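Number of protein chains: 2
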Amino acid sequence: MHSRIGEIIEVAAMCGVNIVCFQETWTMPFAFCTREKDPWTQFAESAEDGNTTRFCQELAKKHNMVIISPILERDELHSTLWNTAVVISNSGNVLGKSRKNHIPRIGDFNESTYYMEGNTGHTVFQTQFGRIAVNICYGRHHPLNWFMYSLNGAEIIFNPSATVGALSEPMWPIEARNAAIANHCFTCAINRVGTEHFKNEFTSGDGKKAHHDFGHFYGSSYVAAPDGSRTPGLSRTRDGLLVAEMDLNLNRQLSDKWSFKMTGRYAEYAEELANAVRHDFKPHVVKE
Amino acid sequence: MHSRIGEIIEVAAMCGVNIVCFQETWTMPFAFCTREKDPWTQFAESAEDGNTTRFCQELAKKHNMVIISPILERDELHSTLWNTAVVISNSGNVLGKSRKNHIPRIGDFNESTYYMEGNTGHTVFQTQFGRIAVNICYGRHHPLNWFMYSLNGAEIIFNPSATVGALSEPMWPIEARNAAIANHCFTCAINRVGTEHFKNEFTSGDGKKAHHDFGHFYGSSYVAAPDGSRTPGLSRTRDGLLVAEMDLNLNRQLSDKWSFKMTGRYAEYAEELANAVRHDFKPHVVKE
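Top to bottom, those sequences are chains E and P. Taking numbering that gives the first Met the number 0, the leading residue of the first sequence gets 0, the next gets one more, and so forth. Taking numbering that gives the first Met the number 0, the leading residue of the second sequence gets 0, the next gets one more, and so forth.
Among the hints, erroneous ones may be present.
Because identical chains cannot be distinguished in the list, a pair is counted as satisfied if it fits within a single copy or across any two copies.
[Claimed, not checked] Each computed DSS-like pair below joins lysine-lysine, with the alpha-carbon atoms no more than 27 angstroms apart:
#1 K36 with K256
#2 K208 with K198
#3 K207 with K256
#4 K208 with K256
#5 K260 with K286
#6 K36 with K207
#7 K281 with K256
#8 K61 with K286
#9 K286 with K60
To be clear, the hints were calculated from the coordinates, so they are not data collected in a lab. Remember, it's a predicted structure, so these values are computed and weren't measured experimentally.
Full structure from sequences and hints, please.
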């Protein structure tokens, strides 16, 4: 994987790319379907000084490129695992990390077996090329997740994912695009491709027989803009590099035109939400 | 308008419709582009006992149909105007009303000249045919608005609108559909049709010459389901009645499958949002 990504980064550099983001847990098969800890947890690495981060640091410095590297993170202090995006500055320094905020419990996505909800909140990273944030995979289904990155000032929100066709494909063209519109920002929906096979059979909690593969990761990565437009998608079956030029002025232009944040009444929502999360919350329902 | 809607309701009754929702401020031209108070404010009526509500009560009782009637409301007590949806039970009683929560300031949508943000919160109405809510027009751009109706238990959220092609059409197929997915509920995006002409010329704040019409209301009403599917849209140019059968069990089935509310971490968001609305809020931005 390092060698394949190295080739792709070379091409990205030739295209003048400033910021690149890989797919979710890009260094490993999406093996969480198996529920086997061994050998998959061996892919976990330190976000700050693991081999993959060092590899990306070299590339970032060499090509003056910000690199977002989503990995399976091992927190060395407590040996806790996390699903984490490492953000590496174009200087080659690790700018920080952003952990996956929402963990799925659906079908073969047994990720809650391996790691917990992230504790890095909604950090935004100021880079030379814009303020960026990372909403990992399943977090794209949560409008509040996109929203809170935007409230912290994100101009581009990346969504590195690993998702399969039978499950999420009808939603894929909708969610990141809606997030770009609603938050006056750019969003990048990124998915892996291919069908991953595992040696040991596993069941999928759907009453069907045990099997060896994890469906089809449908690719179709795209970039969405705050005006509702989007790029074509990458291939459903082959890997690739999507290069998009973003004029970040468009964010403010759209905001000045539509004013969603100005008209958002967030103070009222903060109160309503604080009330709604109480265990004794009474929904406001009118009956005859 | 009463006679035209009467005809449409007769057809709806023949189709066995249980709940019907009209377009935003359905009794009048969308005259807010003119910024003239007279004669347009004369269309305002009491939500509880105006002529239009009485007309709808008769139809509701006659056809055993819940009717959502969005009007320009005159609050008789203070003579305040509101943009309001009146919800009439199939018994013929007024179940309640829901005022527009978010008011646009964009192009010819000079609605903030006429009425203010609503004060009815995110009320849900328990009807014989399901729990319903009304997110009026511009509120569809605000994911939090859909979300809060859903937290109060809405199974179907209606979005009566009046919006024109040059402005919002690229966003129209995205927003209500995303709301249905994200909130495990059905949504109904409803728009008026036609080009409305006004006797007195008006400008649009876009540097162009004064003119007499308000662009093209593009119709295209549709219903979206929580699984990402949607109905075809109604015509862009002719009025019509869209009849959709909704199996409300799908909401819980999708929720049990995807679990967005269970994984939503709303307590954390309530805290973050309360912090973010403070005037001295410091966004969480990491710099090198």
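Comparing the hints with the structure gives:
For the identical chains of this complex, K36 and K256 are inter-copy neighbours only, at 24 angstroms across copies versus 51 angstroms inside a copy, given an alpha-carbon limit of 27 angstroms. In this assembly of identical chains, K208 and K198 lie within 27 angstroms of each other by CA distance solely inside one copy; the values are 15 angstroms within and 70 angstroms between copies. Proximity of K207 to K256 under the C-alpha cut-off of 27 angstroms is restricted to the inter-copy arrangement: shortest distance 16 angstroms between copies versus 51 angstroms within a copy. Proximity of K208 to K256 under the C-alpha cut-off of 27 angstroms is restricted to the inter-copy arrangement: shortest distance 19 angstroms between copies versus 54 angstroms within a copy.
In this assembly of identical chains, the alpha carbons of K260 and K286 lie at most 27 angstroms apart only when taken from different copies (24 angstroms versus 33 angstroms within one copy). With identical chains, the CA atoms of K36 and K207 are at most 27 angstroms apart within one copy only, with a shortest distance of 23 angstroms there and 65 angstroms across copies. Taking the shortest Cα distances, K281 and K256 sit within 27 angstroms of each other only across copies (25 angstroms), while inside one copy they are farther apart (37 angstroms). Only between protomers do K61 and K286 lie at most 27 angstroms apart by alpha-carbon distance; the minimum there is 21 angstroms, versus 65 angstroms within a single protomer.
When the C-alpha separation of K286 and K60 is checked against a cutoff of 27 angstroms, the pair qualifies only between copies, where the shortest distance is 17 angstroms, while the shortest distance within a copy is 63 angstroms.
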